[in-house]
Amino acid sequence: MTMTKATITGTGMSTIGRNTGRPAMDHLLEAAQQAMTSAGLTRDDIDGICTYPGKADNSPGMSPLGTGEVRGALGLKTRWHSAVPDGPAQMAPIMVAAMAVMTGQARHVLCFRALTESSSQSAGRRASIAGAGKPQIGGWLSWLVPVGAMSASNWAGWMATRYFHEFGMTREHLGMVAIGQRQFALMNPAAVMQKPLSMADYLDARMISSPLGLFDCDVPIDGAAVVIVSAADAARDCARPPLRIEALGSALRSAETWDQRPDLTTMGAHDAAADLWARTDFKPADVDVLALYDGFSIFVPLWLEALGFCGHGEAKDFIAAGNIGPGGRFPTNTGGGQLSGGRLHGFGLLHEACQQLWGETGARQVANAKTAVCGMGGGFIAGAMLLNRD
Amino acid sequence: MRPLPELTPENTAFWTGGERGELMIACCDDCNAAIHPPQIVCPACLSRNVAARAMAGTGTVYTCTVNHQPWMPDMAVPFALAVVDVDGAPGVRVTAPVLTDDPESVGIGQRMQIRFEAAGDVWLPHWQPLGAGA
Ligand SMILES: [Zn+2]
Numbered sequence: 001m002t003m004t005k006a007t008i009t010g011t012g013m014s015t016i017g018r019n020t021g022r023p024a025m026d027h028l029l030e031a032a033q034q035a036m037t038s039a040g041l042t043r044d045d046i047d048g049i050c051t052y053p054g055k056a057d058n059s060p061g062m063s064p065l066g067t068g069e070v071r072g073a074l075g076l077k078t079r080w081h082s083a084v085p086d087g088p089a090q091m092a093p094i095m096v097a098a099m100a101v102m103t104g105q106a107r108h109v110l111c112f113r114a115l116t117e118s119s120s121q122s123a124g125r126r127a128s129i130a131g132a133g134k135p136q137i138g139g140w141l142s143w144l145v146p147v148g149a150m151s152a153s154n155w156a157g158w159m160a161t162r163y164f165h166e167f168g169m170t171r172e173h174l175g176m177v178a179i180g181q182r183q184f185a186l187m188n189p190a191a192v193m194q195k196p197l198s199m200a201d202y203l204d205a206r207m208i209s210s211p212l213g214l215f216d217c218d219v220p221i222d223g224a225a226v227v228i229v230s231a232a233d234a235a236r237d238c239a240r241p242p243l244r245i246e247a248l249g250s251a252l253r254s255a256e257t258w259d260q261r262p263d264l265t266t267m268g269a270h271d272a273a274a275d276l277w278a279r280t281d282f283k284p285a286d287v288d289v290l291a292l293y294d295g296f297s298i299f300v301p302l303w304l305e306a307l308g309f310c311g312h313g314e315a316k317d318f319i320a321a322g323n324i325g326p327g328g329r330f331p332t333n334t335g336g337g338q339l340s341g342g343r344l345h346g347f348g349l350l351h352e353a354c355q356q357l358w359g360e361t362g363a364r365q366v367a368n369a370k371t372a373v374c375g376m377g378g379g380f381i382a383g384a385m386l387l388n389r390d
Numbered sequence: 001m002r003p004l005p006e007l008t009p010e011n012t013a014f015w016t017g018g019e020r021g022e023l024m025i026a027c028c029d030d031c032n033a034a035i036h037p038p039q040i041v042c043p044a045c046l047s048r049n050v051a052a053r054a055m056a057g058t059g060t061v062y063t064c065t066v067n068h069q070p071w072m073p074d075m076a077v078p079f080a081l082a083v084v085d086v087d088g089a090p091g092v093r094v095t096a097p098v099l100t101d102d103p104e105s106v107g108i109g110q111r112m113q114i115r116f117e118a119a120g121d122v123w124l125p126h127w128q129p130l131g132a133g134a
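Sequence lines, in order, name chains A and X.
Just so we're aligned: the first sequence equals residues 1 to 390 in full-length UniProt numbering.
Just so we're aligned: the second sequence equals residues 1 to 134 in full-length UniProt numbering.
Isolated chain A (complex conformation) (with noise of 0.2 angstroms):
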């Protein structure tokens, strides 16, 4: 099987933090020169953008800038844009526009998502709940949100509940992945939390959702990412060597709800996943660094046995024999992840991906890292990508 015609040439991330009183726009456009930068590209040579979900403003803070204003700001002279707020999870607009450079419609196009959601919340408006201040409510939100459930954090708390029925897991589980991401953290200065996490802390922090605590869930900032998808002809003059983006994955076989899928062990990751190792020759086994969607920490186990790094109902003895933590085998979220580095709804999971696969990551430096996976979304959304260098 061959790979994909597309490939990752260049990632930015802005100075995030929590309410950092700077606009949408100031973190993009750090974000976006950097990765301009780190591709060997000025802004002539984009010619494509895109974005998920675009401009929206159903949950505060949540995706402030849309592809115009972007494209104003940079002064660009697109050949193509889009935004997807109704693809395959954080990962569509990587997917969109990996098939936007294989049809010739860009060579180069600039991928982004922004948040404000700290600077949101700090402002009396509670990010991350969707139709909060709306009177009615649509779509699969409406069987969830007028019944009381409110948060992501309830629905994937049933998925864990469930979890913990049925193969035994227990808090402690959730608490090495937590743990195992700090310790990521504390060798990233650009993680927002920096201080040690022992295992009395996650234990003891306030419950949210049983049977998920404080520290299984992300953390909302303020911050921007950029990744650059190119052709792989136009790659060859960049500054890194390209990432060839040698799989994707975004198959879904269930309904577009959090409640109704027959099994809540399982997520839309896993049909994501299994069609993504259909594409490819390459292995589990093969692979040197995950980047896995960490929204809440039970997401985690569930995109490890989606990927088949272990089988279902076994991550919790894979989390505990230290596969995913520095040193493991298995090296998970290795800037923190979002429950440390904060939540670039995988923006930041995927940066750090392709840092580590440049070897630029310092101190949590993966030797040799060659090949790399990225899961993003929870719940029915999902996209899954396989990233290799040589």
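Treat the hints with care, since some could be wrong.
Covered stretches of chain A (chain X as the covering partner; in silico rule of three or more C-beta atoms under 8 angstroms from a C-beta of chain X) [as the list claims (entries may be wrong)]:
hint, region
1, 143-154
2, 159-172
3, 200-212
4, 259-273
Coverage of chain X stretches by chain A, computed from C-beta distances (three or more under 8 angstroms per stretch; other residues unrestricted) [stated by the list, open to error]:
hint, region
5, 3-9
6, 52-62
7, 66-73
8, 92-103
Read the hints as simulated data drawn from the structure, not as lab findings.
On a predicted model such as this, the values are computed, not experimentally measured, just so you know.
A virtual CB, placed ideally from N, CA and C, is assigned to each residue, including glycine.
Chain X with the ligand: place on chain A using the hints.
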């Protein structure tokens, strides 16, 4: 303020059945599949003969969580949210808060009965442990 569901032709039976105390679930009149969330076509056989039927109003907890965080200023915590397999509607779950003084006691496998509370022009479902209360 907590948002209420937008009423549509598909979902009105579900959200207003509570006026009569009835848990209304869309079902296919051709293949008997239960369909939730409700839609105008049966995803199993593509029949358009879909209509809501009153269920017994009982079910079994598939999973649950106790919410401790007040997401809105008027939200009283903690409370349990149960995802319940509905009797008579295979594959359908109805998610609702649990009426109980002891949210931590709610667990997988527990039997529940439906109760409704009026809110605006809809009746919101709640689950009550079977045998508790009236
Ligand atoms: Zn049917």
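Now the hints, each set against the structure:
1. Taking a C-beta to C-beta cut-off of 8 angstroms, the region 143-154 of chain A contributes 11 residues in contact with chain X, enough for the three needed, and the coverage statement holds.
2. Counting residues of the region 159-172 of chain A whose beta-carbon sits less than 8 angstroms from any beta-carbon of chain X gives 5, enough to reach three: the coverage restraint holds.
3. Look at the region 200-212 of chain A against chain X: 7 of its residues bring a Cβ nearer than 8 angstroms to a Cβ of that chain, three or more, so the hint holds.
4. By the rule of at least three residues with a Cβ nearer than 8 angstroms to a Cβ of chain X, the coverage given for the region 259-273 of chain A holds, with 4 such residues.
5. Evaluation of the coverage hint for the region 3-9 of chain X: fulfilled, as 5 residues show C-beta separations to chain A shorter than 8 angstroms, against a requirement of three.
6. Under a criterion of three residues with beta carbons nearer than 8 angstroms to beta carbons of chain A, the stated coverage of the region 52-62 of chain X fails, only 1 such residues being counted.
7. Counting residues of the region 66-73 of chain X whose beta carbon lies closer than 8 angstroms to any beta carbon of chain A gives 6, which meets the minimum of three for the stated coverage.
8. Only residues whose C-beta sits within less than 8 angstroms of a C-beta in chain A count toward coverage, and the region 92-103 of chain X has 5 of them, enough to reach three; the restraint holds.
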